[in-house]
Amino acid sequence: MKHLRTIFFCCICLLSACHQRPKAMSFYYWRTVFSIDSLESGTLHDNNVRTLYVRYFDVDWPPEASAANPVSPIQFTTEPTGYSIVPVIFLRNRVFEKLPATSIPAFAAQIKDRVDRISQSHSIRPDEVQFDCDWTQRTKNCYFSFLRAYHDLSAKPVSCTIRLHQVKYPDQTGIPPVDHGVLMYYNIGNIDAGGGSSIYEKSIANRYTPSLRSYPLSLDLGLPVFSWGLLVRDGKVVQLLDKMNAALFDGDTCFTRLSPGWYSAKDGCFKSGYYFQQNDNIKIESVSADDLREIVTDVNRHTNHHIRNVLFFDLDRQNILLYDKDLFKEILARTD
Amino acid sequence: MTKTFLKRYWLVLTSVIATVVTLACAGDYGEEYGTSNFTPQVFVDTAYSPFFYSWQFYYGIGHDENHITRFNNANTREWSTWLGPSASQKTIDYLLNTATNTAVDSAAATQTADKKLKNFLDYLRLAKKCETFSLTPIDHWEVDTTKKNRHFNATTLNKQLEQHLTSAPDPFLQQRYWFQLIRSQFFNGQPRDAIKTFDAYTSKFPANTLYYRSLAYKAGAYYKLKNYSQANYIYSLVYAGCDELRTVAHYSFHPQEQKDWQGTLALCRNANEKATLWQMLGIFYSDPQRAIKEIYALDPRSERLDLLLARAVNQSEQRFSSFQMPQSRSLGLFPPPPDSNNQNLRALVTRIADAGNTGKPWVWLLAAGYLNMLDKHYPAAASYYKKAESSVPKDRLPQAQFRLLKILITVAAANTIDAKLEQQLLPDLTWLNGLPDDPGFRHYTAINWARETMAAKYRRAGEKVKAECLFTQPSFYTSNDNVEALKTFLAKPNKTPYEDFLASLSHTKPTDIFEYQAVQYCMNDRIDEAIEALKHAEPGKAQTTLPGNPFNARINDCHDCDHAARQKIKYSKTDILKKFKELKDRIAAGQDVYTNAILFANAQYNITHYGNARVFYECLIYGSDQSEPWSIDSVFRAPLTSMATAIKYYSLALNAAQTDEQRAKAHYLLAKCQRNEWYNHTVYASEVNRFKDNDHRPDFSAWAGFKALKQYSNTKYYSEVLKECGYFNTYTRKNH
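Quick mapping for you: the protein sequence lines, in order, are chains A and B. Taking numbering that gives the first Met the number 0, the leading residue of the first sequence gets 0, the next gets one more, and so forth. Taking numbering that gives the first Met the number 0, the leading residue of the second sequence gets 0, the next gets one more, and so forth.
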C-alpha cells in the first residue's frame with residue numbers, strides 16, 4: 000500500500016514535470032549600433048540565451064511630417080552570429096492616429112520590406128517579428144488591422160508588446176491579433192519629479208496584475224533591468240538620462256547628493272554626453288534585485304501558468320553591472 | 000506684481016477671439032518663433048539665423064538634410080571658373096552631379112588635347128568612386144541602404160588619390176585631391192591618416208569652403224578616435240569659419256564629459272575662440288545666461304553675445320503668449336520659462352546694459368527695457384528706452400524695433416487712456432497696424448497685444464465702445480445699450496481721426512449689428528422690430544435660404560431629414576419674418592389660433608440651436624457652424640437654446656385646442672421643449688460639464704408633456720408618438 004502511494008505520487012510529479020515546458024531567457028537589444036562586448040556575450044553564454052530581440056528601427060509620424068518614416072535604424076558593426084534574432088519594430092502610437100485605413104496594407108509592406116532588407120544584409124533569418132506600440136482605444140482598430148496585414152504578408156509568427164493597462168482593460172483596448180504577446184512589466188508609473196519610480200512601482204502594478212489571470216493571450220514576461228535618470232529643472236522633467244545610475248553621480252564632484260537617488264548640479268557641467276545647468280536636479284530610477292523577485296512573485300500569483308519565457312530589457316553592460324551575475328538565472332527559475 | 004494683475008493683461012480673456020488682424024500663420028502651428036516682439040534680425044548677423052529661437056530645429060530650415068547637395072552649385076561654379084572655355088557650365092554640372100560612374104569613365108577614356116579637361120575628367124573618375132562610401136542619403140523607405148558598401152576597400156583608391164595629390168599640376172586640383180583623400184581616410188577606417196593628411200597640407204591651401212570641409216573631417220576623425228576635446232575644438236573652428244557648415248558643426252559638437260569640455264577650452268588660442276565655444280554651448284545646451292556671462296567676462300564687445308541675447312529674450316517672452324498660438328501651445332512647442340529664469344535674465348541683462356561696454360550698447364538698453372516691461376517695471380523700462388534714444392542706429396529695422404517697444408511701454412504703463420494719449424498713440428498705432436507682412440520684422444504680437452490691452456483699459460474706464468472696436472468680446476453684445484452705442488458710434492459723421500481709426504478696426508459693421516438685432520427681436524417675439532432691423536442688414540445675409548422648412552415639427556428631430564425633404568416653398572430670413580408676422584396677425588384676430596400657434600411655435604423651435612433652421616441665427620456676432628451648444632460662446636448659449644417663445648406658443652395652441660388630437664400634439668411638442676430645457680438647465684448650465692462624463696445622467700425624464708399625453712391614448716397622434724418615440728414608449732410601459 001505504502002509503495003503504491005509512493006509510485007502514485009512519483010507519477011504525479013513526473014506528469015506535472017512533463018507539462019512544465021522549460022522557460023527560456025532572452026534579452027532585448029535596444030541600441031542603435033549592434034555591438035556586443037565580452038561582458039555582454041559572457042552573460043548571454045552563462046545564461047544559455049539563444050534568442051535576442053533586436054530593435055530594428057522606430058517608426059514615427061511627427062506633427063509636421065507628411066508621412067510616417069523609419070527612425071534610427073540599427074547599424075551592425077558586428078554580425079549577430081550564434082543567436083536567433085527576432086526583429087522588433089517600435090511604432091509610435093501617433094502613427095496610427097494619422098494612418099488612413101486604406102494605406103495600411105502598403106504601410107505593412109513598407110515595413111516588411113525594410114525588415115527583410117536589414118535581415119538579408121546580415122544573414123538573419125528571423126522566425127518571428129515583434130511590434131512594440133502603446134496603442135490606445137482610438138488607434139486600436141488601425142493598429143490591429145496593421146498587425147493582420149503584416150501577418151498576411153509574413154509567413155512567420157507575429158508578436159507584440161502588451162502593457163499592463165491593456166491587460167486590465169481588454170474590452171476597451173482590445174486583444175491584438177497576434178500569436179503571443181510580451182507583457183512589459185515596466186514603465187508603469189508617471190515620469191515626473193515626484194517620489195515614486197516610473198519604471199516599477201508595486202502599488203501601481205498591483206492595480207493591474209490580478210487581471211493577468213483572465214487575459215487570453217499567452218505572454219512572455221518582460222522584466223526591466225535598466226536604470227535611468229530624470230533631469231529635473233524647476234520642478235519639471237526636461238530630459239531622460241538613458242542608462243545613468245547612482246554610482247555615476249556618487250563619485251562626481253560636479254554634483255551634490257541631496258538624498259538617496261537625488262543629486263544636484265553645483266555648476267553647469269557635462270556628463271555622459273548630457274549637459275547639466277547649475278541647480279539642475281537628477282532623480283535616479285532603477286530596479287533592484289528584490290524588485291525583480293517581487294514582480295515575479297506577484298506575476299506567479301496571478302498568472303495561471305500563462306507565462307512562457309522571460310525577456311530582460313535590455314542587454315547592455317551598464318545594466319549587467321547593476322546586478323549579481325546569477326540574478327538572471329534566479330529570476331528565470333522563480334518564474335512559474 | 001500679482002498674479003491676478005498679470006492675468007488681466009497678459010492672458011487672453013476666455014471669450015472667443017475674432018480678431019480683425021488675422022495672424023499670418025506659417026502653417027498650423029503659428030510662426031516658428033512663437034510670440035515675439037523682439038526681432039533678432041535687427042541686430043544679429045543673419046549668417047547665424049538658423050540658430051534663432053524657434054520650435055523648429057533650425058530656424059528657417061527645420062532639420063538640416065542638405066548633406067548631399069549642399070555644395071553642388073558652388074562646386075559647379077568653381078570648376079567652371081577653373082576650366083574656363085574648356086567646358087560649358089551645363090556640361091560640368093551634368094558630369095559632376097548627374098553622370099554615372101560609367102559615363103564619367105568613358106568620358107575620361109576619350110582622347111583630348113585639352114589638358115585642363117583631361118585633369119578634370121581624371122579627377123572626376125576617382126571622385127565618383129568616392130561617392131560609394133561618402134554619400135549617405137537621408138533614410139526613408141525608398142532608400143536601399145544595403146547597396147551601400149560598408150567595408151569599402153580603399154587601399155587602391157587612396158594610393159591613386161595620394162599620387163595625384165603629390166603630382167597635381169596646380170593648387171586648385173591639389174586641394175581637391177587632398178579633400179577626397181582625407182574624406183576617404185575618414186570613411187574607410189583610417190582616422191589617424193585623415194588627420195595626418197590634413198596637417199601635412201594645411202598651410203598650403205586658403206581657408207576656403209573646401210578647406211573647412213576637410214577640417215570638418217579632421218574633427219570627425221578625432222571624434223572617431225574618441226578624442227572629444229580636439230574634435231569639439233575643431234568643430235568650433237568650422238562653426239566660426241564656414242557659413243555653409245555652421246549647422247553641421249553645431250550638430251556634431253558633442254562634449255561627453257566635463258574634462259572633454261575643459262580640454263576643448265584649453266586648446267583655444269584666444270578669447271574669440273573661447274567665445275565661440277561658449278556660444279555653441281549656450282545655443283545647443285540651452286544655457287544662454289551662462290554663456291553670456293562667460294563671453295562677457297572674456298570680451299564684453301564680443302559679437303557672439305548678440306545671438307545669445309536674442310535667444311534668451313525670445314525664450315523669455317514666450318510667457319507673453321496667449322491663444323494666438325493655440326495649436327503650438329497644446330503641442331508643447333513653446334513652454335514658457337519659469338519665473339526664476341526670467342528674474343535672473345533681467346538681472347544679467349540690466350547689469351550689462353548699465354555697464355554700457357558691449358559692442359552694441361543700444362541693443363542691451365532695449366533688451367533691458369523690454370525685460371523690465373515684461374516684469375511690469377514700467378518706469379525702469381521707460382528709463383532704459385530713454386537712455387537708448389540717442390544711440391539706436393537710424394536704419395529702418397533698429398528704428399522700427401525701438402518704436403515698437405516704445406508703443407508697448409506707453410500702452411502698458413498708462414493707467415487710463417485719455418484724449419491726449421489717444422493723440423499721441425494714433426500715428427504709432429496706425430503705423431503698427433499698417434505694417435506689411437514681413438518675416439524680418441515681428442509686429443503681429445505687438446499690435447494684437449496693444450489692442451487687447453487698450454481695450455481692457457477702456458473697459459475699466461467704462462468706454463465700452465472704444466474697447467469693443469479694438470478687441471471684440473461677445474459679452475459686449477448681450478447689452479442692448481452697448482449695441483446701440485456701437486451702432487451710433489460707427490454711424491457717426493465727422494469722426495475725429497482717432498475715432499476713424501477705431502471704427503476701421505471694428506470687427507463688427509453696422510449691418511452686422513442690425514442682423515444680430517433682427518434675430519434677437521425675432522426670438523423674443525418682437526416680430527415688427529425684427530422685420531425693421533433686418534431691412535438694414537446686408538442684403539445677401541437677409542436673403543440666406545433656410546435649408547429646411549422651419550414650420551414643420553417632427554416627432555423625432557432630424558435636421559438632415561428636414562433639409563433633404565422636398566420643399567414647395569423655401570424661406571429666406573426675410574421670408575420667415577414675414578410669415579411670422581402673418582401668423583401672429585391671424586392669431587391676434589382669432590383665426591384658427593391652434594394651427595397658427597403651432598406653426599409659429601414650430602418655427603420658433605426651429606430657429607434655435609435645437610432646430611432645423613439654425614442658419615437663421617447664424618451671423619457674425621452669434622457665430623456659425625456650431626455643431627453643439629458647447630461651440631456657442633457661453634454668453635450666447637442661453638438665448639440660442641432657449642425654448643421660451645416656442646413654449647409660449649405651444650401653450651397658446653394647447654389652450655386653443657378643440658380636439659384631443661390637437662391636445663395630444665400640443666402636449667408632445669411641449670414635451671420636446673421641456674426636454675431641451677432640461678439639457679439647458681443641467682448639462683449646458685455650466686462650463687464645468689463640458690469635459691465631464693455626462694453619461695450617468697438619465698436619457699429622459701417624465702416630462703409634464705409625457706404625463707399629459709398619456710391621457711390621450713385613444714388618439715392617432717398618441718400611437719404615432721408611441722411608434723416613433725422610444726422614450727415615450729418606455730415611459731408608458733413603466734407607468735401604466
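Keep in mind that the hints were calculated from the coordinates and are not lab data. Please read all numbers here as calculations on a predicted model, not as lab measurements. All C-beta atoms in this analysis are idealised placements derived from N, C-alpha and C, irrespective of residue type, glycine included. Certain hints may be false.
Label-pair ranges, simulated between beta-carbon atoms [said to hold, decoys possible]: (1) A:Arg49 / B:Lys691: 16 to 26 Å; (2) A:Ser202 / B:Trp629: 48 to 58 Å; (3) A:Lys155 / B:Trp629: 20 to 30 Å; (4) A:Ala105 / B:Gly61: 24 to 34 Å; (5) A:Leu239 / B:Ala46: 25 to 35 Å.
Below 27 Å or equal to it, Euclidean Cα-Cα: the simulated DSS-like pairs (lysine-lysine) are [what the hints assert, rightly or not]: (6) B:Lys534 / A:Lys235; (7) B:Lys258 / A:Lys265; (8) B:Lys258 / A:Lys242; (9) B:Lys292 / A:Lys265; (10) B:Lys225 / A:Lys242; (11) A:Lys167 / B:Lys691; (12) A:Lys139 / B:Lys225; (13) B:Lys223 / A:Lys242.
Hints versus structure:
1. A:Arg49 / B:Lys691: 16 to 26 Å: Since the Cβ atoms of A:Arg49 and B:Lys691 sit about 53 Å apart, the hinted range of 16 to 26 Å is violated.
2. A:Ser202 / B:Trp629: 48 to 58 Å: With Cβ atoms ~37 Å apart, the hint is violated.
3. A:Lys155 / B:Trp629: 20 to 30 Å: Between A:Lys155 and B:Trp629, where Cβ atoms are some 49 Å apart, the hint is violated.
4. A:Ala105 / B:Gly61: 24 to 34 Å: Roughly 26 Å apart at Cβ, these two residues keep to the hinted range, so it holds.
5. A:Leu239 / B:Ala46: 25 to 35 Å: Between A:Leu239 and B:Ala46, where Cβ atoms are some 34 Å apart, the hint holds.
6. B:Lys534 / A:Lys235: 59 Å, violated
7. B:Lys258 / A:Lys265: 16 Å, holds
8. B:Lys258 / A:Lys242: 20 Å, holds
9. B:Lys292 / A:Lys265: 17 Å, holds
10. B:Lys225 / A:Lys242: Between B:Lys225 and A:Lys242 the Cα gap is close to 20 Å, so the pair holds against 27 Å.
11. A:Lys167 / B:Lys691: Between A:Lys167 and B:Lys691 the Cα gap is close to 23 Å, so the pair holds against 27 Å.
12. A:Lys139 / B:Lys225: 45 Å, violated
13. B:Lys223 / A:Lys242: 22 Å, holds
When the structure is compared with the earlier hints, violations turn up for hints 1, 2, 3, 6 and 12 and for no others.
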